[in-house]
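A.B. asks: Sequence:
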Amino acid sequence: MTQPALQHHALLCHPSARFPSVIDVTSGAEFAPDGQLELHYRVKTAPTLLALPAAQAPGPCDGLWQHTCCEAFIAGEGQAGYHEFNLSPSGQWAAYRFAAYRQRSDNPLPAGEPQIHFLPATDGFTLTARLPKAWLPASRRLQLGLTVVIEDAEGSKTYWALSHAGEQADFHLRQSFVLTLTPDTP
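Here this note's numbering is used: the first residue of the sequence shown is 57, the next is one more, and so on.
For the record, the hints were derived by calculation from the structure and aren't laboratory data. Ideal Cβ positions, reconstructed from N, Cα and C, are used throughout, including at glycine. One should not assume that every hint holds.
[Claimed, not checked] Now the in silico label distances, taken between C-beta atoms and shown as ranges:
(1) ALA111 <-> SER72: 29 to 35 Å
(2) ALA167 <-> LEU105: 37 to 43 Å
(3) ARG186 <-> ALA66: 21 to 27 Å
Hey, can you work out the whole structure from these sequences and the hints?
C.D. replies: Shown next as structure tokens:
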């Protein structure tokens with residue numbers, strides 16, 4: 057059986073700030089045959105107006121969301137806890153587990169690391185990442201909030217998401233986890 061083509065979803069800029077040079081921000085998610093979660097992001101804009109972090113050795117790093125960064129917030133349906141993943145164009149990443157809204161859990165994720173592929177383009181960039189299956193919440197259905205922080209060349213930031221549930225940009229709000237995926241489990 058052939059899998060359906062990945063569906064890309066438009067991300068919306070939080071209304072508290074506008075970044076006029078961005079043309080289009082989209083994202084999508086799908087399960088790979090091995091159960092890992094593949095995340096896809098596409099930002100279309102004039103690259104000279106976009107601040108991208110310099111390439112670094114891949115590895116974990118805090119504070120990535122303070123610059124251009126692709127993110128995913130993932131929860132099991134009906135579960136209070138969730139996971140946050142920060143995926144930087146630099147190749148660095150961060151993975152966090154939360155017991156409830158903004159309550160960081162002391163229970164770390166299992167060992168592993170995402171596979172990140174960043175591709176600059178003449179009209180922006182694409183970033184794809186594959187998250188280890190062991191990093192995903194154990195649930196029959198996952199609820200995702202796909203987001204992007206975009207920093208412009210002057211240091212201003214805008215916040216893009218499938219949905220914004222708050223007056224201020226807050227990707228942790230569970231009401232913004234609007235994409236539902238069902239893992240293919242035998």
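A.B. asks: Against each hint, give a clear statement of whether it holds in the structure.
C.D. replies: Taking the hints in turn, this is what the structure says about them:
At roughly 31 Å, the beta carbons of ALA111 and SER72 sit within the given window of 29 to 35 Å. At roughly 39 Å, the beta carbons of ALA167 and LEU105 sit within the given window of 37 to 43 Å. Checked against the given bound of 21 to 27 Å, the beta carbons of ARG186 and ALA66, roughly 23 Å apart, stay inside it.
The structure fails none of the hints (numbered hints given earlier).
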